[in-house]
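Please construct the entire structure, taking both the sequences and the accompanying hints into account.
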Amino acid sequence: MPEDLNWAIGGEAGDGIDSTGKIFAQALSRAGRHVFTSKDFASRIRGGYTAYKIRTSVDRVESVVDRLDILIALTQRTVEENMSELHEGSVIIYDGERTTMKDFEAPEGMIGLNVPLRRLAEEAGGAIMQNIVALGAACEVSEFPIENLDESLEKRFGAKGGSIVENNSKAARKGQEYVRENYDLDLDYELETTDEDYVLLNGDEAIGMGAIAAGCRFYAGYPITPATNVMEYMTGRVEQFGGAVIQAEDELSAINMALGAARAGARAMTATSGPGIDLMTETFGLIATSETPLVITNVMRSGPSTGMPTKQEQGDLNQMLYGGHGEIPRFVVAPTSISECFHKTVEAFNLAEKYQTPVYLAADLALAVSEQTFPPEEFDMDAVEIDRGKVVDDETVGDWVNDKQQFKPHALTEDGVSPRAFPGTKGGAHMSTGLEHDELGRRTEDTDMRVKQVDKRNRKVQTAIENEDWSPREFGDADSENLVISWGSNEGAMREAMEFLEEDDVSVRFLSVPYIFPRPDLTEEIAKADEVIVVECNATGQFANLIEHDALTRVKRVNKYNGVRFKADELANEIKAALDEPVEATA
Amino acid sequence: MSSDVRFTDFKSDKQPTWCPGCGDFGTMNGMMKALAETGNNPDNTFLVAGIGCSGKIGTYMHAYALHGVHGRALPVGIGAKLANPNLEVMVAGGDGDGFSIGAGHFVHAVRRNVDMTYVVMDNRIYGLTKGQASPTSREDFETSTTPDGPMQAPVNPHALALAAGGTFIAQSFSSDAMRHVEIIKEAIEHPGFAFVNCYSPCVTFNDVDTYDYFRDSLVDLKETDHDPTDKDAAKDVIFDTEKEYQGVIYKNEASVPFEDRWGISEDMSKIESKPPEGAMDLVREFY
Ligand SMILES: Cc1ncc(C[n+]2csc(CCOP(=O)(O)OP(=O)(O)O)c2C)c(N)n1
Ligand code: SF4
Chain G
464 MPEDLNWAIG
474 GEAGDGIDST
484 GKIFAQALSR
494 AGRHVFTSKD
504 FASRIRGGYT
514 AYKIRTSVDR
524 VESVVDRLDI
534 LIALTQRTVE
544 ENMSELHEGS
554 VIIYDGERTT
564 MKDFEAPEGM
574 IGLNVPLRRL
584 AEEAGGAIMQ
594 NIVALGAACE
604 VSEFPIENLD
614 ESLEKRFGAK
624 GGSIVENNSK
634 AARKGQEYVR
644 ENYDLDLDYE
654 LETTDEDYVL
664 LNGDEAIGMG
674 AIAAGCRFYA
684 GYPITPATNV
694 MEYMTGRVEQ
704 FGGAVIQAED
714 ELSAINMALG
724 AARAGARAMT
734 ATSGPGIDLM
744 TETFGLIATS
754 ETPLVITNVM
764 RSGPSTGMPT
774 KQEQGDLNQM
784 LYGGHGEIPR
794 FVVAPTSISE
804 CFHKTVEAFN
814 LAEKYQTPVY
824 LAADLALAVS
834 EQTFPPEEFD
844 MDAVEIDRGK
854 VVDDETVGDW
864 VNDKQQFKPH
874 ALTEDGVSPR
884 AFPGTKGGAH
894 MSTGLEHDEL
904 GRRTEDTDMR
914 VKQVDKRNRK
924 VQTAIENEDW
934 SPREFGDADS
944 ENLVISWGSN
954 EGAMREAMEF
964 LEEDDVSVRF
974 LSVPYIFPRP
984 DLTEEIAKAD
994 EVIVVECNAT
1004 GQFANLIEHD
1014 ALTRVKRVNK
1024 YNGVRFKADE
1034 LANEIKAALD
1044 EPVEATA
Chain A
75 MSSDVRFTDF
85 KSDKQPTWCP
95 GCGDFGTMNG
105 MMKALAETGN
115 NPDNTFLVAG
125 IGCSGKIGTY
135 MHAYALHGVH
145 GRALPVGIGA
155 KLANPNLEVM
165 VAGGDGDGFS
175 IGAGHFVHAV
185 RRNVDMTYVV
195 MDNRIYGLTK
205 GQASPTSRED
215 FETSTTPDGP
225 MQAPVNPHAL
235 ALAAGGTFIA
245 QSFSSDAMRH
255 VEIIKEAIEH
265 PGFAFVNCYS
275 PCVTFNDVDT
285 YDYFRDSLVD
295 LKETDHDPTD
305 KDAAKDVIFD
315 TEKEYQGVIY
325 KNEASVPFED
335 RWGISEDMSK
345 IESKPPEGAM
355 DLVREFY
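Protein chains in written order, with our numbering: chain G, 464 to 1050; chain A, 75 to 361.
Because the hints were derived from the structure by calculation, they are not lab data. Note that this is a predicted model, so its numbers are computed, not measured.
Coverage of chain G stretches by chain A, computed from C-beta distances (three or more under 8 Å per stretch; other residues unrestricted):
id, region
1, 666-675
2, 679-687
3, 697-708
Ideal Cβ positions, reconstructed from N, Cα and C, are used throughout, including at glycine.
Structural data, given as structure tokens:
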């Protein structure tokens, strides 16, 4: 695993935790360090505890671990919440002049740095900068060159003008000096900087960026955690390319607006989370039956019902796979990492249009709210191809008409894919419906045509299975007798877990599956392995059930559904336990 | 205006299965005439139909059309219009579709004021499901599910529209063909969301709100001194539940469609096979 530093700032909602964390993350990223961030909310509902955590290394980081080295604690609660992650030698920065922290003492073995954050901030120009003073203190502890903060402060406050950036920069230095003068620290974190230039973004942003890159011009949505950021990202950006973002009155409206835009020929998307998917399900069937290409992003959160809205879960797999009455052809694609959120979004749009079939893009909270650094080349716009499938124009529409010159939007073709005519195309006017229909789109209950249309729609999926690449992403030792399989966002934690496992001489082959339907047939891989473990964030093992069904076998399961994503070290232990390997007690 | 388009161009070759005498025939014919006479043709027209007897209009008319799910026709129309503002968008459905299951969308479509026309084929009954109370049914209207009448005030769709900031609110009657066409034409030409409630009698399940009833009771606003640009006068008409009216009840001449206010003007179907120029800036933003 990378030589990492784990840092956090925690306090109450309203303490500016997020923006302070982001400033530090950006400073690290600008200094050529890799960063992976996560946000914490208390599992118990009292007060408004919130924390922003950063894992940083010169190597790539794609997960969180169960360890905290430096903690800026604005409240006692912050320390309590993180007790299990703190260890001997952990540094806790706090303001002993704050009433709530005046009796605070760092737990045995840990280093408490009592820094008068508020007083120093006032000296620099205002109490509001106390978190920045703490950042300066953290720079001193981690030996991170403080100049790197300045650029980040400029990015955050530059637009506000005046002396704001300068004052903040001064505040940070006050924190740094205070620690330098009052504490004799002998830690060797020495956060190196490099010449690399990284970008820092979260999964929702990557989805929005992927959508715009893929030519999506119409987005309709209704706010819901943790999908709202997709909408907020696209707002103000897609307009620059001639598109629009519409906040609908509810999810029923959102998906129907997106459907209308798609019928008009736009690449369209809506994004929501579980409760919104529930509402959209009736229209989902219409989209499939009318053969309309549409991407529906589900940023999963903990359910059922309102569940735990700010918590991680991969509980909607069955819903996306089976939701809706009747038998609905569909694709379900699940990005496995933040950068894959970009690539799979592009892919989802191409699949939707090539096969005129709705696509569920299944992300989750862990991807949505975490930020990660990447070399910008990882989002190579030149590599993006837009394939609109079988679209006809004024000239070619005539290839698809019957003897009465009527266009056939549901023509029975060998590959199942029919021609598409956008409104405005001369001679292409046609009707489409959720009713069973003939080739012209007209309602029918003819038994023969019914079977032909059902078969045709299913044939599109078959064509896609044959023509597209549905392979899993493979990591680790291909010859290992231990096979771990996971889907969606667990990839990062599992990849890093493998490094922990390697240290203990446990070898594994890891298949990270981004396609739920269609999905790769892993029968052979499973047959080759002695032990098969399926890792997922839900209680009933929805993906494991599919794997068992596909390969006619039984697998071991590692499930997590307490609302917190897998952490790399924790997952390594879970895998060891599943393999009956000895597990040492963690810190 | 292209004079070579005839209203029959908007007719599909599918024979309607509406009951003989159903009001929906007249409503649809008027819509087709109005579309043709305002210079539209089937290839630039996008028609969205709700679910109900009325919703079958999507099959009987010839245009780019979508027959959606029950109650959600308006959002589909909005999406299509915003994705390609060059299209003439018309949405049609029943009173149950529009004011019961789709009532939320109605209010918000009115507020949004996207340039489109919404025709509610109002028969004050559920036709397709064979005669249950609709939101516009009279309080004492006995049906299979309301043996003593709904005992609830009927929805006043015009009042809803006015309260939601409607910019064009009208009422027509399917059997007064000339006036119906005139009103729909005015609706099509209105820049913004034009709502036309059209009495379209159900001859099979509603023996109260019949052709005779409407013929006898309708007051044509055109023959009165009603000024549709006067909101207070519109209010008086809308809340006068003693009478039935036809004509343009309210029209806001200062209406600016949503898409103009938002600067939405492009045909979004036109994209290149590569990401748009400047897409790499989106990545750089994350430095
Ligand atoms: C979600 C859903 N619920 C119920 C129905 C059944 N249904 C079809 S049409 C209709 C009501 C039709 O009444 P109205 O909108 O007034 O149209 P009309 O048939 O009178 O023209 C209902 C309840 C449905 N299709 N979908
Ligand atoms: S049931 Fe009524 S609304 Fe339906 S077609 Fe017959 S007359 Fe028309």
